[in-house]
Amino acid sequence: MRERAPRQGLLRRSVQRAMVVVGLAIACAQASGREAEPVSANPALEARVMALAAELRCLVCQNQTIADSHAELAEDLRRQIRSMLTKGQSEREILVYMTQRYGDFVLYRPPFKTSTALLWAGPAMLLALALGTLAVVLRRRQRLGNDAFEPDTDSVSDDREAAPDAKSG
Amino acid sequence: MKPRLLWPLGIFLVLVAFLAVGLGLNPREVPSPLVGKPAPAFTAKALAAPERQLSKDDLLGKVWMLNVWASWCGACRDEHPLLVAYSRSGGVPIYGLNYKDKREDGMAWLQQFGNPYTDSLFDPDGRIGLDYGVYGVPETFVIDRAGVVRYKHIGPITPEVMRQKIEPLLRQLNA
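Top line first, the protein sequences correspond to chains A and B. Position 95 of the first sequence, counted from 1, bears residue number 95 in this note's numbering, the numbering being contiguous throughout. Position 51 of the second sequence, counted from 1, bears residue number 220 in this note's numbering, the numbering being contiguous throughout.
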């Protein structure tokens, strides 16, 4: 009995986990079921709408583009993009339209300007700094004599022999 | 301690400082590109009277506030008493933008909680809201005599925001 109790717990837990997975799957299926919103009959236009929507951030759920988001605002903005494209406005004009209303924040690829310079150049600067530091450290070590380092040992076999001892002790 | 050993500590402290500042910011508060620019033009029907049209030009020459609200918005209810009290005490006119709402719901809501608005613009499909960059309700704009947006507040107005931000600005604009 003592032995079985934890196993039952394990079984129950895995059943619970399975139920969660099934529940999530159903929720996802429902979510994708919602996706069938009225779209225009023109697949080429729809592809342009979605391409543009993938460039724009949904301001309600900020880590999603308005192509991915089910938020009402995202649906509104997709509809707006669709109607602007239908009127013959260009992608560029639509991005300007959105930026005028929601700021650069709405762009998933923010433009390069003084306020975003650190954002764009930061990673490259950090990489350069890291490579520079590495180069300096390596060059310094190269200049050191052999006596500055500990002698090499046949450490692999030593470690293996030590392992069982550590376990039993 | 050798100074070179202090380097990692220094870098760590800089990181901590960045994180501390970052955690203090509210990512929901997206700075509005409209501040300092002319408020977008609109022509809308009044919520209470569909036959009456209101446009931005009607409001030129006075300082006013535009408060975006909806009957389905819980946070609007939180700030509402503050707006009602403000409008009773005089001060600048507040115009409501009834955002994506049903006319009868909006009117019933005002009946129930009080009406601080000189008028409410009816924006059932959120078109005016889109022009104003509204992405949640409530939002509040302060617009000056020349029709330029001077301030935008996202989320419910708290007494502190009213006292520290909005009222001083209104005094300055009305001076």
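Hints are not guaranteed to be accurate.
List of simulated lysine to aspartate or glutamate pairs, DMTMM-like, C-alpha gap at most 20 Å [what the hints assert, rightly or not]:
no. : chain 1 : residue 1 : chain 2 : residue 2
1   : B       : 269       : A       : 72
2   : B       : 225       : B       : 313
3   : B       : 206       : A       : 104
4   : B       : 271       : A       : 75
5   : B       : 271       : A       : 104
6   : A       : 87        : B       : 300
7   : B       : 269       : A       : 104
8   : B       : 269       : A       : 76
Partial selection, computed: residues in chain B whose CB lies under 7 Å from chain A [to be verified]:
no. : residue
9   : 211
10  : 295
11  : 302
Some residues of chain B that are not near chain A, with every Cβ distance over 12 Å (derived) [stated by the list, open to error]:
no. : residue
12  : 182
13  : 185
14  : 197
15  : 203
16  : 206
17  : 274
18  : 276
19  : 323
No lab work stands behind these hints, which were simulated from the structure alone. The beta carbon of each residue, even a glycine, is placed where N, CA and C say it ideally should be.
>> When the structure is checked against the list of hints, which entries are broken? Sort them ascending.
In response: The structure breaks hints 5, 7, 9, 14, 15, 16 and 19; every other hint is satisfied.
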